[in-house]
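J.: Protein chains in written order, with this note's numbering: chain A, 20 to 367; chain B, 20 to 367.
These are calculated hints, taken from the structure and not from any lab test.
Heads up, some of the hints might be wrong.
Heads up, the list lumps identical chains together, so a pair's fine if it works in one copy or across two of them.
List time: in silico DSSO-like cross-link candidates among lysine-lysine, alpha-carbon distance up to 30 Å [what the hints assert, rightly or not]:
no., residue 1, residue 2
1, 136, 198
2, 95, 118
3, 137, 244
4, 244, 355
5, 356, 244
2 protein chains.
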Amino acid sequence: MEYRSIYFDGDVVHILDQRYLPFDITYCVCNNEKDIFDAIREMKIRGAPAIGVAAAYGMYLGLRDFDGDSNDFVEKAKELKSYLDSARPTAVNLAWATKRILDKILENKNNDVFLLKKLVLDEAKKIEEEDAERNYKIGEYGSELFSDNDTIMTICNTGALATVKYGTAFSVIKRSYEKYTGINVIALETRPYLQGARLTAFELKEAGIPFKLITDNMSAFVMQKGLVSGIVTGADRIALNGDTANKVGTYMLAVLAYYHKIPFYVAAPISTIDFSIETGKKIPIEERSLDEVTHCGGKRIAPYDTEVYNFSFDITPHELITAIITDLGVVYPPFKKNLRKLLSNPNR
Amino acid sequence: MEYRSIYFDGDVVHILDQRYLPFDITYCVCNNEKDIFDAIREMKIRGAPAIGVAAAYGMYLGLRDFDGDSNDFVEKAKELKSYLDSARPTAVNLAWATKRILDKILENKNNDVFLLKKLVLDEAKKIEEEDAERNYKIGEYGSELFSDNDTIMTICNTGALATVKYGTAFSVIKRSYEKYTGINVIALETRPYLQGARLTAFELKEAGIPFKLITDNMSAFVMQKGLVSGIVTGADRIALNGDTANKVGTYMLAVLAYYHKIPFYVAAPISTIDFSIETGKKIPIEERSLDEVTHCGGKRIAPYDTEVYNFSFDITPHELITAIITDLGVVYPPFKKNLRKLLSNPNR
Numbered sequence: 020m021e022y023r024s025i026y027f028d029g030d031v032v033h034i035l036d037q038r039y040l041p042f043d044i045t046y047c048v049c050n051n052e053k054d055i056f057d058a059i060r061e062m063k064i065r066g067a068p069a070i071g072v073a074a075a076y077g078m079y080l081g082l083r084d085f086d087g088d089s090n091d092f093v094e095k096a097k098e099l100k101s102y103l104d105s106a107r108p109t110a111v112n113l114a115w116a117t118k119r120i121l122d123k124i125l126e127n128k129n130n131d132v133f134l135l136k137k138l139v140l141d142e143a144k145k146i147e148e149e150d151a152e153r154n155y156k157i158g159e160y161g162s163e164l165f166s167d168n169d170t171i172m173t174i175c176n177t178g179a180l181a182t183v184k185y186g187t188a189f190s191v192i193k194r195s196y197e198k199y200t201g202i203n204v205i206a207l208e209t210r211p212y213l214q215g216a217r218l219t220a221f222e223l224k225e226a227g228i229p230f231k232l233i234t235d236n237m238s239a240f241v242m243q244k245g246l247v248s249g250i251v252t253g254a255d256r257i258a259l260n261g262d263t264a265n266k267v268g269t270y271m272l273a274v275l276a277y278y279h280k281i282p283f284y285v286a287a288p289i290s291t292i293d294f295s296i297e298t299g300k301k302i303p304i305e306e307r308s309l310d311e312v313t314h315c316g317g318k319r320i321a322p323y324d325t326e327v328y329n330f331s332f333d334i335t336p337h338e339l340i341t342a343i344i345t346d347l348g349v350v351y352p353p354f355k356k357n358l359r360k361l362l363s364n365p366n367r
Numbered sequence: 020m021e022y023r024s025i026y027f028d029g030d031v032v033h034i035l036d037q038r039y040l041p042f043d044i045t046y047c048v049c050n051n052e053k054d055i056f057d058a059i060r061e062m063k064i065r066g067a068p069a070i071g072v073a074a075a076y077g078m079y080l081g082l083r084d085f086d087g088d089s090n091d092f093v094e095k096a097k098e099l100k101s102y103l104d105s106a107r108p109t110a111v112n113l114a115w116a117t118k119r120i121l122d123k124i125l126e127n128k129n130n131d132v133f134l135l136k137k138l139v140l141d142e143a144k145k146i147e148e149e150d151a152e153r154n155y156k157i158g159e160y161g162s163e164l165f166s167d168n169d170t171i172m173t174i175c176n177t178g179a180l181a182t183v184k185y186g187t188a189f190s191v192i193k194r195s196y197e198k199y200t201g202i203n204v205i206a207l208e209t210r211p212y213l214q215g216a217r218l219t220a221f222e223l224k225e226a227g228i229p230f231k232l233i234t235d236n237m238s239a240f241v242m243q244k245g246l247v248s249g250i251v252t253g254a255d256r257i258a259l260n261g262d263t264a265n266k267v268g269t270y271m272l273a274v275l276a277y278y279h280k281i282p283f284y285v286a287a288p289i290s291t292i293d294f295s296i297e298t299g300k301k302i303p304i305e306e307r308s309l310d311e312v313t314h315c316g317g318k319r320i321a322p323y324d325t326e327v328y329n330f331s332f333d334i335t336p337h338e339l340i341t342a343i344i345t346d347l348g349v350v351y352p353p354f355k356k357n358l359r360k361l362l363s364n365p366n367r
């Protein structure tokens, strides 16, 4: 079955509504920036790279009917960027993508609005294409860290649904499965939103990769039983020192991996590295609606008026990360020094 | 609201069907040993101490209509014990309770069947009454480990629903709340069966104790944020060296507590200590139906034909346990030596 998390048909943006997966494959149509904002906010589309691409097209949809001069076009683009960036605060790819669009406009602000609109659309398409290329490389580099008969543990969804193609951590899994024999996966269901049970299980099945689904609280026990060769997760934002924000439970896995002496890898395109912040302390952690915790699969499970914490992400400190798999290669500690080197890479 | 996990009305046993909590309070009637077996197996009643009491009454229900001589009565009791013990393999309290009934019969096997039936019923009632007394003491001893403004983390349900009264780990929480000011609780929802979200949240609300519900994968992050003073869990079986089988996720919390230097306590009556096994390696781990993992709150969440692991329990090695809170006092390491001392306690 062919599915795409997002595509632009030349007129409108189509987004696969992931809230209804794995049972219903339904696309929603985004006509304007508000449709894109809502799709991100309501998690019709999710995954750091995918929401970056969505936001880039959101910039275009918000600007294509603009009627005014170039100066006002720039102002409108700035407003749009702020608006779209606020849809979800933790993943840096969103703000990174809208910044790329805005930078392209600023570089060419002396041109007429017609050309600016074309440049915006071209840049959004470029962001989309680059995502697929980058993820392919992540898979190539990351798969070097695994070998025959390995069982790879992962959390959340980092596959084609979370990106444009291939995925991030999922790309490492997929490429390892293609290259080696006996590759198995253990997927955490990833409460509260169940991206593991709903989306990763769906993508693993589609790819024919053998896997076991577990509840998040079984992760330590399967490590203790020796069932896990290595762990690969995605990332929503990586600070310069390697501290990584990702789906809540990632930090849990990193601590458990450390205790069980299992390698713990983070896989992300370099657009996920926030070169403007030194440590994870500066990364905002999104807290979402309490309903996500008091409900499961749309059904209430906890008593009425139950109070919850609902941190969507956590921060894994760099000292628990064995290596960061990027599209420019595998980066080992010291991350502060070695991530900074990427800044000077011409392919960045 | 008054609720009891189990009671005998002089004729039949009533069991609060916990599968429908917290929304429906429904009791089911057990007329015979098969009804008890099914109630335990299907988790209408759960919690190590509570299923011990249920099994004791199951022995009585299976024997009260017995028509034969004392020798055959003994044989019938042995069969019943094997049958009931097989309902769930991990919790030792079940086999411990049926053994108490059988031992009472064996001690008095030269008496007539009429008297034996009376002794069986008396012993079942005694097991029920002792459970409440023991749990009260667990709360008294355990609360000494906490103080004002502490936030206590717990997993699964260990309250009155898991026992006859007060609970085990829950008794420690409740007594701490009564004795100190500013006590708060963080309850893990405890997938796949959601005993935390459904039952512990229900009991905490009934008791008026402030709490936050979290998904299991948030546990590490709230520890990292400094929100947890100590962790108390129940136990399904404790080996002589202190290794503890309990709800899956307990071992995860123990590793996370160790990493974050947070005290990790196990609370259980001494009927939970299996003096016949040296280490946790000998404890059988129940694996339950895959439906529990592929579904949540009765609704399918994972694709069809998804394979899962569903370990209901895990083993926490003794070196990760700060202390074991029993009805005879708080036991510190070395557990091998100090648990053995309990064997000579006259109140055992």
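J.: Check the structure against each numbered hint from earlier and tell me which ones fail, lowest number first.
T.: Violated hints (numbers, rising): 1 and 3; every other hint is consistent with the structure.
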